[in-house]
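Engineer: Sequence:
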Amino acid sequence: MIALVTGASKGIGKATVSLLKREGYTVIAISRTKPDSGDENYALDVADKGKVLLFVKDIISKYKDI
8 MIALVTGASK
18 GIGKATVSLL
28 KREGYTVIAI
38 SRTKPDSGDE
48 NYALDVADKG
58 KVLLFVKDII
68 SKYKDI
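When we follow this note's numbering, the leftmost residue of the sequence shown carries the number 8, and every step to the right adds one.
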């Protein structure tokens, strides 16, 4: 199982990453500043539509089952 968590560098997002990892998920963590909590970590400002579209395209090509 694969999960993508935004806001993963602190607070609820970081706690969500920890919970999902304990439950056996592969976690793709994103935040404006690169988080360190996921199996894969990315810095991404979700307010930038163009970058989000490229990111989603890359993730879908890598993880077919997301």
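Calculated from the structure, these hints are not laboratory results.
Source: prediction; values computed, not measured.
Note that the Cβ used here is the ideal one computed from N, Cα and C, for glycine as well.
Among these hints, one or two may not hold up.
Claimed, not checked - Computed list of lysine-lysine pairs in DSSO-like fashion (alpha-carbon distance at most 30 Å, straight line):
(1) Lys28 - Lys64
(2) Lys41 - Lys58
(3) Lys41 - Lys21
(4) Lys71 - Lys21
(5) Lys21 - Lys56
(6) Lys41 - Lys64
(7) Lys41 - Lys28
(8) Lys41 - Lys17
(9) Lys58 - Lys28
(10) Lys21 - Lys69
(11) Lys17 - Lys58
(12) Lys71 - Lys41
(13) Lys56 - Lys41
(14) Lys64 - Lys21
(15) Lys17 - Lys28
(16) Lys17 - Lys64
(17) Lys28 - Lys56
(18) Lys17 - Lys56
(19) Lys56 - Lys69
(20) Lys28 - Lys69
(21) Lys71 - Lys58
(22) Lys71 - Lys17
(23) Lys69 - Lys17
(24) Lys56 - Lys71
(25) Lys41 - Lys69
(26) Lys71 - Lys28
(27) Lys21 - Lys58
(28) Lys69 - Lys58
Claimed, not checked - Ranges between beta-carbon positions, derived for each pair:
(29) Lys56 - Gly31: 17 to 23 Å
(30) Lys71 - Thr13: 19 to 25 Å
(31) Lys28 - Lys69: 14 to 20 Å
Engineer: It remains to establish, for every hint, whether it holds in the given structure.
Structural biologist: Now for the hints, and whether the structure bears them out:
| no. | hint | in the structure |
| --- | --- | --- |
| 1 | Lys28 - Lys64 | holds, 23 Å |
| 2 | Lys41 - Lys58 | holds, 15 Å |
| 3 | Lys41 - Lys21 | holds, 12 Å |
| 4 | Lys71 - Lys21 | holds, 24 Å |
| 5 | Lys21 - Lys56 | holds, 23 Å |
| 6 | Lys41 - Lys64 | holds, 19 Å |
| 7 | Lys41 - Lys28 | holds, 18 Å |
| 8 | Lys41 - Lys17 | holds, 11 Å |
| 9 | Lys58 - Lys28 | holds, 26 Å |
| 10 | Lys21 - Lys69 | holds, 23 Å |
| 11 | Lys17 - Lys58 | holds, 22 Å |
| 12 | Lys71 - Lys41 | holds, 23 Å |
| 13 | Lys56 - Lys41 | holds, 18 Å |
| 14 | Lys64 - Lys21 | holds, 24 Å |
| 15 | Lys17 - Lys28 | holds, 15 Å |
| 16 | Lys17 - Lys64 | holds, 25 Å |
| 17 | Lys28 - Lys56 | holds, 28 Å |
| 18 | Lys17 - Lys56 | holds, 22 Å |
| 19 | Lys56 - Lys69 | holds, 20 Å |
| 20 | Lys28 - Lys69 | holds, 19 Å |
| 21 | Lys71 - Lys58 | holds, 20 Å |
| 22 | Lys71 - Lys17 | holds, 27 Å |
| 23 | Lys69 - Lys17 | holds, 25 Å |
| 24 | Lys56 - Lys71 | holds, 22 Å |
| 25 | Lys41 - Lys69 | holds, 19 Å |
| 26 | Lys71 - Lys28 | holds, 19 Å |
| 27 | Lys21 - Lys58 | holds, 22 Å |
| 28 | Lys69 - Lys58 | holds, 17 Å |
| 29 | Lys56 - Gly31: 17 to 23 Å | violated, 32 Å |
| 30 | Lys71 - Thr13: 19 to 25 Å | holds, 21 Å |
| 31 | Lys28 - Lys69: 14 to 20 Å | holds, 18 Å |
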